[in-house]
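*Asks:* First to last, the sequence lines map onto chains A and B. Residue numbering for the first sequence follows my numbering, starting at 1 and increasing by one per position. Residue numbering for the second sequence follows my numbering, starting at 1 and increasing by one per position.
The hints are simulated quantities; they were obtained by calculation from the structure and are not laboratory data.
Derived SDA-like pairs (lysine to any residue); straight-line CA-CA distance at most 25 Å:
#1 A/Lys334 / B/Trp144
#2 B/Lys75 / B/Ile46
#3 A/Lys83 / B/Lys82
#4 B/Lys261 / A/Gly332
#5 B/Lys2 / B/Ile56
#6 A/Lys77 / B/Ile37
#7 B/Lys122 / A/Ile352
#8 A/Lys77 / B/Gln41
#9 B/Lys237 / A/Asn331
#10 A/Lys77 / B/Glu101
#11 A/Lys77 / B/Gly42
#12 A/Lys78 / B/Pro15
#13 A/Lys6 / A/Gly502
#14 A/Lys77 / B/Lys25
#15 B/Lys261 / B/Asn193
#16 B/Lys122 / A/Gly332
#17 B/Lys9 / B/Lys25
#18 B/Lys168 / A/Thr330
#19 A/Lys6 / A/Asn37
#20 B/Lys151 / B/Lys238
#21 A/Lys78 / B/Gly142
#22 B/Lys167 / A/Gly332
#23 B/Lys168 / A/Gly332
#24 B/Lys237 / B/Arg145
#25 A/Lys6 / A/Val32
#26 B/Lys133 / A/Pro73
#27 B/Lys168 / A/Glu74
One side of the interface only, derived from the structure: several residues of chain A facing chain B at Cβ under 10 Å:
#28 Ser76
#29 Lys334
#30 Pro350
Glycine is no exception: its CB is placed at the ideal position from the N, C-alpha and C atoms.
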Amino acid sequence: MEYIIKNGTVYDPTNKVDGEKMDICVKDGRIVEKVSNNATVLDASNKIVMPGGVDSHSHIAGAKVNTGRTLRPEDSKKDVWQKEGLRKGSGFSVPSTYKTGYQYSGMGYTTVIEAAMPPLIARHTHEEFVDLPQIDKAAMPLFGNNWMVLEYLKNGDLNMCAAYVAWLLKATRGFAIKIVNPGGTEAWGWGKNVHGLDDEIPYFGITPRDVVRGLAQVNEMLGLPHSIHVHPNNLGHPGNWETTLDTMDCVKDIKAKPKHGKRDTVYYNTHVQFHSYGGTSWKDCVSKGVEVAEYVNKHDHLMVDIGQITLDETTTMTADGPMEYDLHMTNGLKWANCDVELETGSGVVPFIYSPKGPVYSLQWAIGLDLFLHANSDKVILTTDHPNAGPFIRYPRVIAWLISEQYRKDWIENRVHKWAAQKSHITDTDREYTMYEIAKITRANTSKVLGLSDDRGHLGLGARADLAIYDIDPEEKNGKKIEKAFLEANYVFKDGDIVVKDGNVVKEVFGNTIYVDAKINEELEAELMKDLEPRFKKYYSVNIENYPVQEAYANQWEPINIDATEIK
Amino acid sequence: MKEIVFTVKKDIDVPVELDSLLPVKLQEMSAEEIKKIELPQGNKKISVEELFNLNIEENDAIITPKVTINGSSMKLKRIGEKMEGGEIVVNGDAGMYVGAEMKSGKVTVNGNAECWVAQNLKGGEVIINGDAKDYVGSAYRGDWRGMSGGKITINGNVGTEIGEYMKKGLIIVNGNCKIMPGVHQNGGIIMINGEVEGRAGGEMLKGAIVINGPLKSKLPSFEYEGIVEDPVIKLTKKDEGTPVKGTYYKYIGDFVNNKPKGQLYLSVEHNDLTC
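Here chain A stands alone, though its shape is the one from the complex (with noise of 0.2 Å):
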């Protein structure tokens, strides 16, 4: 099927393209110079037109979406999803699968991915996969806890750590190297947790430090496509700024080495509102936006994403397990904790996030602080869904950094005082241009993830993933900008249109992307020599039975990476 979108206002940040009014061509699933005739045409007059976006961090799959299903069958209720010719699905902040799919596809989203995958229950994870339609997707396999990982690191040995991080991408089909509170999970299987970056790791003696150090160096070592994946430790915790900046700063002097891709950083810090809080307690907490902000404006090594507060009735999920308990013993709701053998562990609590609270509206502010003043090449637009706020409002976020007035009004009506008085959202009156949301919610975050080659832009040969939305460039009204961004005119999907006016009209199932990391054999059959006995002795799995096989997905999009260098 061939396709010609005419005189669409396209932003496209990575080949530098602003709002220029321009022709775009599809072919057989590609962007290409020029069509036939036969082409169909799409008036994109007065409309915009942008890559399909790109997600870099959201819970959209696995055991812990799972267990928040689950655990809140109220949360269902809440949202109830049946539209003609397609799957039902229920869920607001954790919505089944096939809803997650289409409302991602209806806001003109083509690539997601899943933040955090227990290796052990990577098979979940990509069976749930099979089932998310509209979009390509990848999982990243959590690696800060794992005890295979602590020990070669302990030792110092980073060879035999790179060998088993590519063999554990390898085996769960993962992408990248997810480190979630660094030791604390681990800790809390001891009943404990850690606190700063130099704290001891029971058992093992190391501390957070080497564990975020060494999986840096191991990342650049086989040169993944994406960097190392952080949540630091601390998060939530009044004061935890200065732990943030130290774990920022801990892997400046790393370079970036990657095989595929044109990534330039080596960290990658997610949720970094959550991480952003200054003073020692709730009482006298203060945005530490602005100084997070510049520490990321001045440095080259580094990105982040916001995990921006939406103020919604949501479920939060992390394998950061003590923090879940904290948060549990602070809302007092129910809560589910999860603990993954040798390798990680999980929380989920339900989380009211009320316009009225002044906690609430700090965070919220520490967000917008956070986006307000930081180099919008630097960041990435998110709201850690289902963590800070589901997904479905990335269009309100969208809305608040586009206009001035709309977040005004949130300011002065709908949120708590604490807002404007402890952080500096109204001290600038900058506004995203679309040019620059382009940048948050596409170019970045394809750059970021080393998907860059054929992601997330509009140069020739890239994937036809696109999104048109029926907007004005200078519109400035947020419940306008909102319901533009929410309800996409259209989205191409590899070339197919899946989505009119917010709709899905055609169902379609994406690639599930991996790295496949090659290493040398005799160092691999070194590391089998040490794996093998660990699974008889401690796994409940056999090894033979724990990689996730072929069947488990519905197209494998293999990252090749050749690493036998590693000796």
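Got chain A sorted already, so can you dock chain B onto it with the hints?
*Replies:* Positioned in the frame of chain A, the structure of chain B alone reads:
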């Protein structure tokens, strides 16, 4: 006002959901329109015409919109769900969720009721003249925000976990009650005039449970306060209080929680302190 009378004319296997037959809404509709209303039945639909004989009577004596369902059975679910006014009289049994999430108005069932009577009730009144099963006046599954107002009267017996997570309002049971009335109760009053099987007020934080019959086994996590005569139950500082006639052993609990304020009253006549 019109009285709209539905009489069941055929036996059904698969339950039908009647939440669209609300008195206020039906007042403004013609007989033909009402007959065409489609009701969900499993994964299919059934029209009012197929299921009921419809009879509309103009009656000046009726001052609120009224719906009567004759020959009802447990297969008719969600009667009066989300109702915002008017009156529904059910002659026969009522299926699950009768009066659920109701805001105001009155539902009377002249028969028995299935589970989830008046789930998450917000206001209005529900009267069951027969027995009711489990979860009378409870929260939706998983939710911790339960019934927030209104009054439920059950003239027969009830099942387990009535008033689960109840926040406000009143539940009166004139018959017996199975285990765990007022589990997780967070306000409101539950009054049981018959015998209770046990575990009254498990994990309750606030509110009151008054048991005028015997409580067969009391939870050990309730603290004895003393004997009270004709107590006035105050649920909050500003509450004027609800007077109750009788002599009771008063307990506070449930002490599995921190600082609980739940009140449990057991009639001296039917209960023994040593049990």
